[in-house]
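For the record, the sequence lines run as chains A and B. Here this note's numbering is used: position 383 in the first sequence is 383, and no number is missing along the way. Here this note's numbering is used: position 435 in the second sequence is 836, and no number is missing along the way.
Keep in mind that a hint or two might mislead.
Stated by the list, open to error - Pairs of lysine to any residue, SDA-like flavour, derived with a Cα cap of 20 Å:
1) B:Lys748 <-> A:Gly99
2) B:Lys748 <-> A:Trp105
3) A:Lys356 <-> B:Gly541
4) B:Lys748 <-> A:Thr98
5) B:Lys748 <-> A:Gly88
6) B:Lys748 <-> A:Gln90
7) A:Lys356 <-> B:Leu630
8) A:Lys180 <-> B:Thr752
9) A:Lys85 <-> B:Thr752
10) A:Lys356 <-> B:Ala643
To be verified - Quick list of the computed label-pair ranges, beta carbon to beta carbon:
11) B:Ile879 <-> A:Gln127: 42 to 50 Å
12) B:Lys468 <-> A:Thr290: 23 to 31 Å
13) B:Lys600 <-> A:Pro321: 28 to 36 Å
14) A:Pro109 <-> B:Ala457: 40 to 48 Å
15) A:Phe118 <-> B:Lys600: 54 to 62 Å
16) B:Leu828 <-> A:Asn131: 35 to 43 Å
17) A:Thr135 <-> B:Leu828: 52 to 60 Å
18) B:His638 <-> A:Phe118: 39 to 47 Å
19) A:Ala357 <-> B:Lys468: 19 to 27 Å
Unchecked claim - A few chain A positions that, by computed beta-carbon distances, are all more than 12 Å from chain B:
20) Glu53
21) Ile174
22) Phe256
23) Ala271
24) Ala280
25) Ala284
26) Ala287
27) Glu305
28) Ala327
29) Gly328
30) Gly334
31) Asn382
32) Gln393
33) Gln396
None of these hints come from the bench; they were simulated from the model. All C-beta atoms in this analysis are idealised placements derived from N, C-alpha and C, irrespective of residue type, glycine included.
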Amino acid sequence: MVIVPQDSSASRRRWRLTLLRRAARLAPALLPASASAGYSFNFPEPVTPIARETLHIHNEFMLIITTLFVVVFAIMIYSMIRHRKSSGHQPSKFSGPTGALQWFWALIPFAILLFIDFVLMGIPAVQAIINMEDTKTKADLVLKVTGMQWKWQYEYPDAGVKFISTLATPRDQIANAETKGEHYLLEVDKPVVLPVGKKVRVLLTSIDVIHTWWVPQFGVKRDAIPGFLRETWVLIEKPGIYRGQCAELCGKDHGFMPVVVHAVPEPEYLAWLEAQKAEAKAAAGGADRTWSRDELMAQGKAVYEKVCAACHQPDGKGLPPAFPALAGSKIVNGPLLDMNGKVITDSHVDRVMHGKAGTAMQAFSTSLSDVELAGIITYERNSFGNQMGDMIQPAQIKALR
Amino acid sequence: MSLATTHPAAHPEHHEPTGLLRWLTTTNHKDIGTMYLTFSLIMFFVGGLMILAVRAELFQPGLQLMKPEFFNQLIGVHALVMIFAALMPAATGFANWMIPLMIGAPDMALPRLNNWGFWLLPPAAILLTLPFSLALFGIGDGALATGWTFYAPLSVQGGMGVDFAILAVHILGISSIMGSINIIVTIFNMRAPGMTMMKLPLFCWGWLITAFLLIATLPVLAGAVTMLLTDRHFGTHFFDAAGGGDPILFQHLFWFFGHPEVYILLLPVWGLMPHVLSTFSRKPTYGYTAQVYSFIAIGILSVVVWAHHFFTAGMPVPALIYFMFSTMAISLPLAVLFFCWIATMWKGAMTFETPMLFAVGFIVLFGIAGLTGLILADVAADAQYHHSYFVVAHFHYALFAGGIMGVMTGVYYWLPKWTGHMYNETLGKLHFWLTVVSFNLTFIPQFFLGLAGMPRRIPDYALQFAEFNAISTIGAFILGLSQLLFAWNIWSCTRGGPKVENRVWEGADGLEWELSSPPPHHSWETQPQIK
């Protein structure tokens, strides 16, 4: 599928002028594309002002460098054909410009290049930078994105809504045991939802290593750096589902942490946000009641498979030495809490809640709810051959925070 | 040791050891040059095998051959092997062989340092690749899996492969700095009488700038990886925000070395090009002085543009604009070189033997690297290109077409001089055409993959990228197999072949062509007088 990017009606007139040039450039690219699907020769369709500007700049620059390439090497190839020994050409002896005219010819290319670098390419490039970095003005809402190995957490600070978004592609598809779906590796269990036509200020950070949040159709790519906040912005102009990926090597499952953004009209967005708030409230309420062991096991299994299984594997055997096994682990099969009901250092509860520094084991107390943590801990202590027979209540986790 | 025949067996008056001990103890610049080049060729195949495994995994979507952890190890070690163990030693091998011949010196200025500089390389290469084998025996979890850039905090989190790679980089760095000191001292002190700096062959000029860049930037890399080592094991927090550090500091330090490194790899090749073009155009080099000043200008610019490697990390607007324009400024001295190369060919009497074919191929393909580099400097467009396959394609045009094909130009150009035999011209031409066609088959699709949004360093990809990846893999395998022709041609040329004259090529000019082919074990014992 070749995507020939379209423009919004506002700038269509300006674009009509360049259409001819673009058509000329794309012509060779279109030839094989008509024969087969799956070939794309340019950026995907832009849906934000930044992406549109970037595509425009990219197209102009490609035109400039293609022209330079053709002109320079046409001269060289002409020389290679004309000035051959086999055609009887006698070599000249010059080794530099002689006379004013030759100096003129020698200097012209550099004057042209200076103009291209600092005027023709330089001026639009500076304007694009200023637009891209304009994160401070007129933001309608804030989205906080936190990268973690190997999933994204999205937070709407104003609404108090926070959730994790992980790869939804089944493992069997990756292992080639099952037919791959249409959105193979670019699908998540819970996409982030944003309103169209609103300027969204995106804050980025990470809790472990550097990740990069990238949605090609937004023209936005920005690193999520542990311990620092970075920012960018998007204004999505068209409803739709937009897919991207982590772009910075972040360890084992770097290729398996997609970004999926669901852009919807504002009323739909607000309704979704209300539903999220209600869900969050219900989940928080869950911490106050006493859970049965079966309930905790079911809850724990679901969360384990989403959050823990990438490293510790669905069967709890891990991938030693980097990712230790939980089956038969001394830590998992150790005491739950001390005699006063407090966390024991380096115990199972401590590891799950506070992580292990310098490794991929994160402090899950910041990203998971009381119920989820209680579920995971209970599940791990009573699965993969571990038979501790005990459990921990969400209320206990709440008290331990 | 495939080039051993360059040393005529009979030198009884020297009482030199023979066999392995000869190579361990040699201080002769020709022997050491040969060892560098042989080592480079071996590591070129080691690095190539790694990336063929990667390309095989990427042939189809889904995980077929390896786990993502192993994939990550292969890509990083491939890069380190190719850069530090294949391309840099090849250039140093050229320098060892050719600089004394070209400037009329009897040997390098510091022959024992020279020997040590080479013999540090094999241990470093072993350190780099050993964790792969150790993992087979259940020790550690394999080699460096962070990509060649070692970005913290991923490298702080990594296994013992990171420590092995840090130590390997230290040793390789020491070796390169010793080689650089030797080259600078040789060029400054051992030129034949009458050879002023502005009569110095351009290859020597290219290497002189390279040597200064190495001495300026390698200590910064050594410092950065040492900080990483102490962060990993001794409780420091240089790159940990929780302890007051900054992960981006690592990127600044790394690329302060990393960007000049690109020119370290390319300057010796740029120095070589005018010799080859002038020889096969039978015409003097165009714009000698302009090329010298361009080398110097690129050397200086290369250390002030580093942050364009991580525009997406986020930095203030003035910094973005500065790094964008300083990067674009490199296009000017580079354009001078292109202009001089083409003007050297202009109105000559050209023939197209294998070295000339490689030189022309180099100019065209390196032109693509330069032009795509120009648009990569644009911050807004870079937000799309960065960390995508577009960048992968771009730097392979720079380092394979610019670096490796440049080295191949030099090998075909000088091999008859080194061995006294002509290589097989038909095989050489076949090697050239197979290399050029399959190289483009491999990397042109990667430009499109990047534009379509495929990130680099992923072991598996979405279905929309499948077709181009399949094409790229086929290209890569043809490219890899074609290099066997190269190895075979070198090997058979050292074993025998038609004898060549002192001046191997009709249009060749310079002191090195005054000597016999192969040159005697000790050459220029009486320095020539340059008029």
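Requested in this report: Return the numbers of the hints above that this structure violates; sort them in rising order.
Outcome: 8, 12, 13, 15, 16, 20, 21 and 22
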